[in-house]
Structures are given as C-alpha cells and as structure tokens.
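**Student:** The chain contents come next:
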Amino acid sequence: MKKNLRSIPYLILLSLISVSSIAQNKIVVFQSDFGLKDGAVSAMKGVAMGVSTDLKLFDLTHEIPAYNIWEAAYRLEQTVRYWPVGTVFVSVVDPGVGTARKSVVLKTKSGHFIVTPDNGTLTLITQSLGIDEVHEIDENINRRKDSKKSYTFHGRDVYAYTAARLAAGVISFEQVGPLLPKQVVSILYQKAVFDGKTLKGNIPVLDVQYGNVWTNIPDTLFNRLNLHYGDMVNVSIFYKHKLVYKDKMPYSQTFGDVAEGKPLAYLNSLLQVSFALNQGDFAKNFHVSSGSDWSVEVSLR
Amino acid sequence: MKKNLRSIPYLILLSLISVSSIAQNKIVVFQSDFGLKDGAVSAMKGVAMGVSTDLKLFDLTHEIPAYNIWEAAYRLEQTVRYWPVGTVFVSVVDPGVGTARKSVVLKTKSGHFIVTPDNGTLTLITQSLGIDEVHEIDENINRRKDSKKSYTFHGRDVYAYTAARLAAGVISFEQVGPLLPKQVVSILYQKAVFDGKTLKGNIPVLDVQYGNVWTNIPDTLFNRLNLHYGDMVNVSIFYKHKLVYKDKMPYSQTFGDVAEGKPLAYLNSLLQVSFALNQGDFAKNFHVSSGSDWSVEVSLR
Amino acid sequence: MKKNLRSIPYLILLSLISVSSIAQNKIVVFQSDFGLKDGAVSAMKGVAMGVSTDLKLFDLTHEIPAYNIWEAAYRLEQTVRYWPVGTVFVSVVDPGVGTARKSVVLKTKSGHFIVTPDNGTLTLITQSLGIDEVHEIDENINRRKDSKKSYTFHGRDVYAYTAARLAAGVISFEQVGPLLPKQVVSILYQKAVFDGKTLKGNIPVLDVQYGNVWTNIPDTLFNRLNLHYGDMVNVSIFYKHKLVYKDKMPYSQTFGDVAEGKPLAYLNSLLQVSFALNQGDFAKNFHVSSGSDWSVEVSLR
Numbered sequence: 000m001k002k003n004l005r006s007i008p009y010l011i012l013l014s015l016i017s018v019s020s021i022a023q024n025k026i027v028v029f030q031s032d033f034g035l036k037d038g039a040v041s042a043m044k045g046v047a048m049g050v051s052t053d054l055k056l057f058d059l060t061h062e063i064p065a066y067n068i069w070e071a072a073y074r075l076e077q078t079v080r081y082w083p084v085g086t087v088f089v090s091v092v093d094p095g096v097g098t099a100r101k102s103v104v105l106k107t108k109s110g111h112f113i114v115t116p117d118n119g120t121l122t123l124i125t126q127s128l129g130i131d132e133v134h135e136i137d138e139n140i141n142r143r144k145d146s147k148k149s150y151t152f153h154g155r156d157v158y159a160y161t162a163a164r165l166a167a168g169v170i171s172f173e174q175v176g177p178l179l180p181k182q183v184v185s186i187l188y189q190k191a192v193f194d195g196k197t198l199k200g201n202i203p204v205l206d207v208q209y210g211n212v213w214t215n216i217p218d219t220l221f222n223r224l225n226l227h228y229g230d231m232v233n234v235s236i237f238y239k240h241k242l243v244y245k246d247k248m249p250y251s252q253t254f255g256d257v258a259e260g261k262p263l264a265y266l267n268s269l270l271q272v273s274f275a276l277n278q279g280d281f282a283k284n285f286h287v288s289s290g291s292d293w294s295v296e297v298s299l300r
Numbered sequence: 000m001k002k003n004l005r006s007i008p009y010l011i012l013l014s015l016i017s018v019s020s021i022a023q024n025k026i027v028v029f030q031s032d033f034g035l036k037d038g039a040v041s042a043m044k045g046v047a048m049g050v051s052t053d054l055k056l057f058d059l060t061h062e063i064p065a066y067n068i069w070e071a072a073y074r075l076e077q078t079v080r081y082w083p084v085g086t087v088f089v090s091v092v093d094p095g096v097g098t099a100r101k102s103v104v105l106k107t108k109s110g111h112f113i114v115t116p117d118n119g120t121l122t123l124i125t126q127s128l129g130i131d132e133v134h135e136i137d138e139n140i141n142r143r144k145d146s147k148k149s150y151t152f153h154g155r156d157v158y159a160y161t162a163a164r165l166a167a168g169v170i171s172f173e174q175v176g177p178l179l180p181k182q183v184v185s186i187l188y189q190k191a192v193f194d195g196k197t198l199k200g201n202i203p204v205l206d207v208q209y210g211n212v213w214t215n216i217p218d219t220l221f222n223r224l225n226l227h228y229g230d231m232v233n234v235s236i237f238y239k240h241k242l243v244y245k246d247k248m249p250y251s252q253t254f255g256d257v258a259e260g261k262p263l264a265y266l267n268s269l270l271q272v273s274f275a276l277n278q279g280d281f282a283k284n285f286h287v288s289s290g291s292d293w294s295v296e297v298s299l300r
Numbered sequence: 000m001k002k003n004l005r006s007i008p009y010l011i012l013l014s015l016i017s018v019s020s021i022a023q024n025k026i027v028v029f030q031s032d033f034g035l036k037d038g039a040v041s042a043m044k045g046v047a048m049g050v051s052t053d054l055k056l057f058d059l060t061h062e063i064p065a066y067n068i069w070e071a072a073y074r075l076e077q078t079v080r081y082w083p084v085g086t087v088f089v090s091v092v093d094p095g096v097g098t099a100r101k102s103v104v105l106k107t108k109s110g111h112f113i114v115t116p117d118n119g120t121l122t123l124i125t126q127s128l129g130i131d132e133v134h135e136i137d138e139n140i141n142r143r144k145d146s147k148k149s150y151t152f153h154g155r156d157v158y159a160y161t162a163a164r165l166a167a168g169v170i171s172f173e174q175v176g177p178l179l180p181k182q183v184v185s186i187l188y189q190k191a192v193f194d195g196k197t198l199k200g201n202i203p204v205l206d207v208q209y210g211n212v213w214t215n216i217p218d219t220l221f222n223r224l225n226l227h228y229g230d231m232v233n234v235s236i237f238y239k240h241k242l243v244y245k246d247k248m249p250y251s252q253t254f255g256d257v258a259e260g261k262p263l264a265y266l267n268s269l270l271q272v273s274f275a276l277n278q279g280d281f282a283k284n285f286h287v288s289s290g291s292d293w294s295v296e297v298s299l300r
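Going down the list, the protein sequences come from chains G, P and U. Numbering-wise, numbering that gives the first Met the number 0 puts 300 at position 301 of the first sequence, and it's gapless, one number per residue. Numbering-wise, numbering that gives the first Met the number 0 puts 88 at position 89 of the second sequence, and it's gapless, one number per residue. Numbering-wise, numbering that gives the first Met the number 0 puts 1 at position 2 of the third sequence, and it's gapless, one number per residue.
Derived by calculation from the structure, the hints in this document are not laboratory data. There may be inaccurate statements among the hints.
Each pair may be met inside one copy or between any two copies, as identical chains are not told apart.
The calculated DSS-like cross-link candidates involving lysine-lysine, where the alpha carbons are at most 25 Å apart (straight line), are [to be verified]:
id	residue 1	residue 2
1	K36	K55
2	K245	K261
3	K25	K55
4	K108	K144
5	K101	K181
6	K108	K55
7	K261	K247
8	K241	K190
9	K247	K196
Owing to the predicted nature of the structure, the values given are computational and were not obtained by experimental measurement.
Isolated chain G, as found in the complex:
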C-alpha cells in the first residue's frame, strides 16, 4: 500500500516527462524578412518573454529577402530537422498581410511546430517532414491584448504571441484554433527526377555567403549516375526554361580537388547536388540565382 501511495507522484512525474518529450519544449526559433536593423525582431522576442521568461528564444534568419516566400520555405526545410522535436518555429514573410491568407500552426510528422501565414512558406517542409495536423490561429483568443486597432504587426501580435503561448504550454495545440484539412498552400517548382539519362531539379537557394549553387537533387538520385570522384558531368542551368549556363566539371569530394577558380560538382551538407568554384563565387560569376523559376540538368554526356 505504502508503495502504491508513494508511486502516485512518480506516475505524475512520468506522465509529465512523457508529455514534455512529445510536445513543446519551450524553445522558439524565429525567422522573418525584417532584417536586424530595427526593433521588429526584438519586439517579437519581448512579447514572447512577456508570455513566459522560461522560454528559450533563438533565430533561424531574419535576412530573408523582402517578400521572398520561396526562400522562407527553403530555410525551414534546411534547418527545422536539426532542432529537437517539440521546437516551435515562427516564420513571418508575409507580403499578403491584411489579405485573406490564413494564419496557421503546422505540426509536422516529426513533431516540429511552425507558426506562419499559409502562403507557400510550408511548401517544402510539408513535402519532406509530412503533415501531422494544421490548426488555424483563432485571433479572437490568440492575439496580444491591446493590438486590435487598425493595421497590426501580425509577426508580433499574433505569430510571436501564439508561438510563445504554445511553446510555454499556456495553450495546447488544439487551443490554437480550428483544425484544418491536412493541406497547405504550395508553390510549383521542378522536382528532382531522373529519366534514366538526365537528372532534373530546381535551385531552391544559393549558399549565399560563398556563392555556391545548391539543387534539390538528393544523393540517392545522384548515385544512379554511378559516378566516382573525378568523373566529369555536364551541367546546364535554366531560368524559366532559358539556358543560362552550360559546362563540364568533375564530381569532387572537396573543393581542393580542383584548381582555384575552377568549377566542381559536389554533395552539400544536406547531401544534395551542388556546384561551386573553388574559393570563388559561382553564382555571381555566371549570373545564377535561385527560386521556383530556376532549374538544372545534370548528365554524363
């Protein structure tokens, strides 16, 4: 009997541990196109700390080019999986603020939460990590007090506020608002395919700091070319189906495998086919950019 009685708190403790391991973990990661020059990002974090000082606040990036939903989608795809399950992301790239786009919280099948306008930002992450549930944010409940007049800074008053409440456990996922069908607004782009001879894919993003060109073609598809390090490949790059670049380059393990300034193909840190100039800027040199309008072809001859 005594043992039983004493085990009750233990069970409560256990259940808390198990809840916390499958739900929110008090971590919030912010992304936006606000830049770091003004107080917008700081105001979002202030609102979050006002919800709970136990939260741990981090940044993905705030240097998304203004209104570039595609890049917001890609940064989530690049980063979310490296954060612990239960982390709550806020992504605010919102050219349609004030229009009819829905404000949602997505839970991926991997157990990550993303708070965002549903405007295409979720295109890539839902394709890779899957949709567990989507809830629309009920702004009657989940909106900072004294913020209902006129034009609103939704990033601060709705998204950061809702994310903080969710991450801190002030509200449950269900209390975000009405359950929506398992679908999100998606942007069209060239998916990675192999026709037995040529690989096709998209340039989702540049490795901006170095000017490397990253594609969405995964190693698993690339391996079907049966290449060894040093083998030459033909690379063509298109903008809206118009040829922008065409050349041969070796498949290389490291940048140092080619002379300074020479092109190479390699697998980047996400194990996707990429192109670079050793110690140079491929994108700038060949006027290559990224987004849903850019595509590539890679072949052996």
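Take the given structure of chain G and dock chains P and U to it, following the hints.
**Tutor:** The following block gives chains P and U in isolation, referenced to the frame of chain G:
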C-alpha cells in the same frame, strides 16, 4: 505560535516575489552602433555572463548607423514597451565617449530601465513612458575591475557591467549612483500637431528593410481628418524646411489596396501615419531619409 | 556510522560542484564565416540544444570574411578573455574542410575551451592566453549520428556537436579524443617590437564599423615613447613592406581632441595603439586594410 514561526519564511518569500515583480527581471537587452562584424557585442555579453549566468541576454539592434543618437532614441521608443516590466536595456551610441556626457540609468514610469550615456538617446522614451528616476553611474563602484587604464570601452566596462549587476540584483537601483533631477538631454524635432487643417510631424525613422517612411503622427491625431479607407490625402515631405516630395495617395488598410509600385498612406504597427509604395521602396525612390531634420505635412486638400 | 553513510552523496555533490566550477560552465559561444542569411548557424544551435537544453548559446560573430582564418584568430583574441572561465567557443572558418587539417579542442591556461579546425585560427589566442592542453577530436565518437555520408557540414556535425557535449558535461575534456603536443598551426606576422626609437607592429584587424585601424602594439610598449596627450607622432603603414600611408598625428585621449575629419593616435579598448579620423573612416580614406601582410611603424620624429 508555531504558525507564526512558520510564516516568517513565507513572508520573506512573499516580499521577494513582490520585489521581483516590480524590480529587475534578469533580462538584459543590448543596443549599439557596433555592428555584428567584430567581437564588441560578444565581449559585452561575456562581461554580463561573468556577473551572473542566470541572466537572459537579448539584442535590440546593433546596426544603428555609427554615431546616430537620434536613431538609437527611436529604436528604444519602438521596442521598450513590448518587453516585460523590469527589463534592463543597454544602449551604447556614444560619439562623445571620453567627454563630459553623463552615464546614467533611467527608470521609466512603466518600470523599464535604460543604461546609456545621456546624450539625447533618452529623448523619445522619456516623452512617451515618463521619468520615474534617473541615477548617474558611479564609475568608482560600477566599473569592471582592471578596466581603469587610459581609454576605456565604456559599453563593455561600464554600461554592460552595470546593467548586468542591476538586472541580476547584485546592486539595487539606488546603488547605481547619485540620484539626478528628473530630466535628460533632449534633441529638438517637429512634434506631431494638427492646426485644424494640416497635420505636421517628424520622420523619426525609416522602415529600413522595406523603405517605408514612418512618421510620429499617431492615429489619434490622424483620425481628426475623419478619413475612410480609399480617401485621398496630400503628402509633403521636407528636409530642413525644403520640399523634397509632394503627391496625393489613398489612405489604405493594406498594401494590396493599391497597384504594385503605387504610393499609399497607412497606419504602421505603432499606429503612426506612414507612407509606402506597394512592393516598392518609397524612401529610395524619392530620396527621403529620417532624423530630427525631416518633417511632413498631411492634409485633405 | 549513519552520518558517514549519509555524507557520501554529499561528498559526491561537493565534488560535482568543484568540478563544474573549474571546468565547463554550460556556455557555448559560436563564431564562423557563415553569415546570418541562411540556416547554417541555426542548424548548429539546434544540434547543440539537442544535446542539452540547459546550454546557453551565444555568438561571437558570423561575419568573418569567407575563408579569412586570420580574422577568426583575431576575433577570438579580442573576445575570449571577457567570457567566464569554462566557456566553450566554437570557431568554424575552414577553407580546408575535407583535407588533412586536424579538428581540435584547445584549453587555454586561462581555462577557456576552443573547438576549431587547427588551421591558424589559434595563432593569437595561444600566444596571449597560453596552451594548457590540446585534444584532437575523435570523430568516431564525437560526431552527430547519421552524419557520416559523403561530404559533411563539420561545423554542425562535429564542432557544434562536440562543443555542446563538452559544455554540457556529457563528455569530459579527455573524452574529446587523443592528447596532442602543446602546439598549434600558426600564421606569421610582424610582432610588436621597439628598437629604442621606432615601434613596429601588425594591423591585426580594422574596427570595421568605424574604419579605425587597430595595431597589435600594447600600451606597455607604447609607453616607452614617453608621450603626453597632444604630442605628435609619425605613423607609417605598409602592405607587404610597401609604404601605403605616412603622416603626423597627435596622441589623443578622445576623438574629440582633434577637429572633425583629422587623424589621431589613441589606445583602443584593448589598450593597443590605434589610428582614427574623428567622426570619419581612416581605413577607407587611406585604403588601409588588415591581416598578416600589413605592418606599421610609429616614432617620435
């Protein structure tokens, strides 16, 4: 009796709770014109963590243009109110470092603390949030050890150090140093006024990431024009009283209410009159900037 | 007897406290040349939080110019000493990623840890703070799971992961990997010297935000010129031994001691000889940059 004895720790606990709720909350928010390219911001945070690893450190911005006290003042005005009461801000934009300007800690009537050189940085926040008390920093006490030789990095050795000690409760507000009169150094600028026909105001800051022009004219004053969405207003912009821009534009609820590239007037997230080009850069297109030398007029005809 | 038994956990507790006070303090500070525009820095922090949510994560800078090992070395030298003993730094500027350079963890004599490729990044910090021990990272143990395929993002999969495990106490310093000799890869540069008439030194870095030129000549050496504020000095600046700039300027306590736009010599916040234009950009005006190829001479006539 037993109850009385046991209630003593309870009273101590209560008093601690009540002190912590009206005083510092272990949060420090840093602002400067240091940029993020070197180690200056990191050194300030290292000093703060050396005071107490319980502190929670955040940034407002470090991209204030070099020596631009006005913009420092505006970023505080834009941001402080969104942080919990008791938060300690450090603002270091200090062209007069080493000269006679005072180093102070301001407590606003809202209960926020700001640690800064008193050089105009407090112009706007004191006008909006009021002055509760100002103390001068006694550098004999509140200065990092081993930092007294020659020229000093005051941001690190005095401001970050004092802010950290205050936020962590190592010193009380009184222990900052001598109480000063309730006044601060203020910069002159066009305050928001309405003469019954025309609104006048200042351009405190640009919404830099998007190139939108923000004024200091609040919605309460703007509403006296009795406008409806879609009504046209005349907007004139002056630099040192010289006309820089003049045009008509509609008062709009969202950017999408006008064609791409067209101007609109709207209320920004601080509920202040602002001007933008839909998906364009108003400031860059019309060579408009911000600061105490810039003013605007808005009227119905 | 009973007392003895009960004191065992106490002793364990005591030993834990004493270990934690001399070893890692759960703080990790990140530096890289990744910039803040993509998800790379965030992915590193996500991996660290996956190791332990008790960690406190900060940044030194991520704006090191791409591949600039020298500047990485200088930023560590500028910043490490201001963080509490036991802090773990991660520095990832790694042009040789995938080549034979070693991945190491250095413990300085001051008790700071630095996780980095050993490619010159440790040149300056080891000269100033000394080498306590160097361990090579054993990537068979200290590498993120599921990261062994092909090209790897070492910053995330090895350096951030190892730093987090070390900072959180998941591994001890010894468990990083094999002990190495007390030496690191060093870059050659003009050390600060005084020949009785002329001071010689290097320009390790610019104070980039303001364009001030910082040298490695310390106040202790400078004082041997026996200068008073206002005394004039001759300053010559060389790139690869070729004269780039030569002029006279006063030794000044504060920038305001000279007219706007005029040059001055002063001691910066690290108490090193520096040159500036009052409210101007010395480096830009005179095309002066920094690195191991730049040197200066300062003399009285």
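**Student:** Quick one: which hint numbers does this structure break? Sort them smallest to largest.
**Tutor:** none
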